[in-house]
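Line order of the protein sequences matches chains A and B.
When you read off a place in the first sequence, starting at 1, and then add 24, the result is the number in my numbering.
So in my numbering, spot 178 of the second sequence is number 162, and the numbers just go up one at a time.
Derived from the structure by calculation, the hints contain no laboratory data.
Treat each hint with caution, since some may be false.
[Unchecked claim] Heads up, simulated EDC-like pairs for lysine to aspartate or glutamate below, C-alpha to C-alpha not over 16 Å straight-line: (1) Lys80/A - Asp62/A; (2) Lys338/A - Glu0/B; (3) Lys80/A - Asp178/A; (4) Lys117/A - Glu392/A; (5) Lys338/A - Asp58/B; (6) Lys251/A - Glu295/A.
[To be verified] Ranges between beta-carbon positions, derived for each pair: (7) Arg174/A - Gln34/B: 49 to 57 Å; (8) Ala282/A - Arg35/B: 41 to 49 Å; (9) Gln34/B - Asp289/A: 54 to 62 Å.
Nothing here was measured: the structure is a model prediction, and the numbers come from that model.
Beta carbons: idealized from backbone N, C-alpha and C, even for Gly.
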Amino acid sequence: MSSFAAASDLRLREVDAPQSEVAHFGADQPLHMDAGVDLSPFTIAYQTYGQLNEAKSNAVLICHALTGDQHVANVHPVTGKAGWWEIMVGPGKPIDTDRYFVICSNVLGGCMGTTGPASINPATGEPWGLDLPVVTIRDMVRAQAMLIDRLGIDQLFCVAGGSMGGMQVLQWAALYPERVFSAMPIAAAARHSSQNIAFHEVGRQAVMADPEWRAGRYFDHGVRPLKGLAVARMAAHITYLSDEALQRKFGRKLQNRATPTFSFDADFQIESYLRHQGSSFVERFDANSYLYVTRAMDYFDLAEDYGSLANAFKGTRTRFCVVSFTSDWLFPTSESRAVVHALNAGGAAVSFVEVDTDKGHDAFLLDEPDLLAATRGFLDSAARARGLMGAR
Amino acid sequence: MSVARVDLVLIAQMVERGARVLDVGCGDGELLHLLAETRDVDARGVELSQRGVNDCVAKGLFVVQGDADTDLSDYPDDAFDYVILSQTLQATRQPRRVLEQMLRIGRRAIVSFPNFGHWRIRWQLATKGRMPVTENLSYSWYDTPNIHFCTIRDFVALTEEIDARIERAVALDSAGQPVGVSAPWWVWNVFGEQAVFVLERGR
Chain A
25 MSSFAAASDL RLREVDAPQS EVAHFGADQP LHMDAGVDLS PFTIAYQTYG
75 QLNEAKSNAV LICHALTGDQ HVANVHPVTG KAGWWEIMVG PGKPIDTDRY
125 FVICSNVLGG CMGTTGPASI NPATGEPWGL DLPVVTIRDM VRAQAMLIDR
175 LGIDQLFCVA GGSMGGMQVL QWAALYPERV FSAMPIAAAA RHSSQNIAFH
225 EVGRQAVMAD PEWRAGRYFD HGVRPLKGLA VARMAAHITY LSDEALQRKF
275 GRKLQNRATP TFSFDADFQI ESYLRHQGSS FVERFDANSY LYVTRAMDYF
325 DLAEDYGSLA NAFKGTRTRF CVVSFTSDWL FPTSESRAVV HALNAGGAAV
375 SFVEVDTDKG HDAFLLDEPD LLAATRGFLD SAARARGLMG AR
Chain B
-15 MSVARVDLVL IAQMVERGAR VLDVGCGDGE LLHLLAETRD VDARGVELSQ
35 RGVNDCVAKG LFVVQGDADT DLSDYPDDAF DYVILSQTLQ ATRQPRRVLE
85 QMLRIGRRAI VSFPNFGHWR IRWQLATKGR MPVTENLSYS WYDTPNIHFC
135 TIRDFVALTE EIDARIERAV ALDSAGQPVG VSAPWWVWNV FGEQAVFVLE
185 RGR
C-alpha cells in the first residue's frame, strides 16, 4: 500500500473514530447554529493535557487555527509529526501542563473527529457533505462551551489561540465574558478583511473547480479533489509567510538543477516547496472541511454582531494579552490595534505586544522569544490573581 | 539612589491604595511594579518603545504600545483614579494637550519633570553659553528626545491656563530631598532639580 493510501486511511479513520477523547451530544443537547438550524446529535473530539485542579480553576482552552486540530502537544495520528504548538504547550512551557489543565477540541466543521462535512450524518448513514449547515466561529465557540460544561468547568482560566484560534478567543470573550478569566488572541482580528475573504475564495474555487469535487459528494464516487485542495493550500501558504522571508529562504534558487528547464516543472525551490506543502496537506485534510472552515472565518465580524467592537467587550473583567507580528500581512498589527483600542474604550485590562519578526503570520507557531516571554508573564500574573497554587 | 528613582518613590506614596492607575511612558515598568507591590493598585501602562512594552508584558504587567501625544484619546472619561506622567512631559510633542487628556481620563494627574530653571542649568547657560548637559539631562542638544523643557514656574503657569488645580507639589533638589515646603515658587524654581505635581480637574 502506498504511503499516500496509508495516510488516507488514517485520515478517514480520524473523521468518525478519532484517536482522541470524544464527547457525544445527544438529542437532548442540540447545538443552536447561526444558520438557523439545531444540530443534533453531534460529536466533539478533543485532547487534554495536565490535571484539572479540585477547584476546577486551572483550565486553559486552546483554540486551533484554520487547518489545525486538537493535537496541540502530542504526535499527530495521521502525519506522525509533533503537535502544532509543542513550543508553547507542555511541561515547563509557557502554557505549562504541570500547572494547568489544557484542553483543545477540534472545531465544528473540522475533519479530525468533531462533526464536520466528512462525518457520517446519523440521519442518513452517509457523510454530511454540503448538507451540513454552514458553520460560524460563534457556532464553534458554542460547541466548545458545551464541551466545557460537560467537563464541569464554570470559568476557564485562559482561552488562547492564533489566527482563526484568535478569532475564537475574541468570540469567547464577547459571548461568554463571565467564563473567561484571561484571553490571548494572537495574530488575530475582529473581522476578516476583504483581501482575506478574497484569498479564501480563491482557495475554495480551486477546490470546487477540481472535477473530482463532484459538487461535494466525492466520497460517493471514491475520489477526492486532491489537485484543487493542494492548489488551495499553496495559495494560502504564501499568505502565511512574508515576502522578506521567502526571498531570504528561497530567493530565485533552482531546485536540484543548474539551469532552468524551459518547461513547467518545478524549476525553482519555492515551487518545489509549495508543491510539497500542497501534497502533504491533502494527506491529512478533507476538501469539504476546507470550504467550511474558510467560510467561518469569512463570516466573522464582531463589530457587526455587537454594533461596535467596543460594545463587544463593554464592562468585561477578562484580562487580555493581544499579540501581533510585524511581518504578518494577513492579520496585520493594525487589526490587533483595533481590538486593543476597543478594549481600552471599555476599560479592560489589556496588554499588547507586537513581536518583531520576519516569519509572517506563521510566526505564532514558531519559536519567537518575545511571544513565549509575553505568554509566560501574562499567565503567571493571571495565575497569581486567580490564586492558583504553584503560581510563581 | 539616583534622583530619577526618588521621584518614583514619591509618586508611589501619592497614590491611594487600591486605585486604578495609568502610567504613561512607563519604560521598563519600574513604577508599575513598585505600585503593584506597595499600593496594591490596578495598574496599566502605555509605552512608546516596543522593546519596553515587551519587557513589561513579560513581567506580567498590563502595558500597551502607544504614544502619549496621540493615544490617550482612546481611553474613556474618568477611566482612572490617577494618570501618571513621570519624566516624560518634556519629550511629548504637545505637552498641553497631553495634560488635558490626562485630566480627562483620570480624576487626578501626577506629573514629574526636570526643572529647566535649576541653578546648575542657569549657571551652565550663563557662564559657558552652551546648552546644559547634566547628569540628569545627559543628551546633547541635537540628539535628545527632550524637546519641550520647562521650568517649575512655566508648569505652574500652564496649570492655570488649562484650569487645573494643584492639589500637591513637591520640588526635589539634586540630592533628592524636598525643597522647603513653604518656600515661594521662585525658590523651588532655582533649587528644584525636578518637581512632582498632583493635579485635579477644574478650579
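Each hint tested on the structure:
no.: 1; hint: Lys80/A - Asp62/A; in the structure: violated, 30 Å
no.: 2; hint: Lys338/A - Glu0/B; in the structure: violated, 26 Å
no.: 3; hint: Lys80/A - Asp178/A; in the structure: holds, 8 Å
no.: 4; hint: Lys117/A - Glu392/A; in the structure: holds, 13 Å
no.: 5; hint: Lys338/A - Asp58/B; in the structure: holds, 14 Å
no.: 6; hint: Lys251/A - Glu295/A; in the structure: holds, 15 Å
no.: 7; hint: Arg174/A - Gln34/B: 49 to 57 Å; in the structure: violated, 41 Å
no.: 8; hint: Ala282/A - Arg35/B: 41 to 49 Å; in the structure: holds, 44 Å
no.: 9; hint: Gln34/B - Asp289/A: 54 to 62 Å; in the structure: violated, 44 Å
When the structure is compared with the earlier hints, violations turn up for hints 1, 2, 7 and 9 and for no others.
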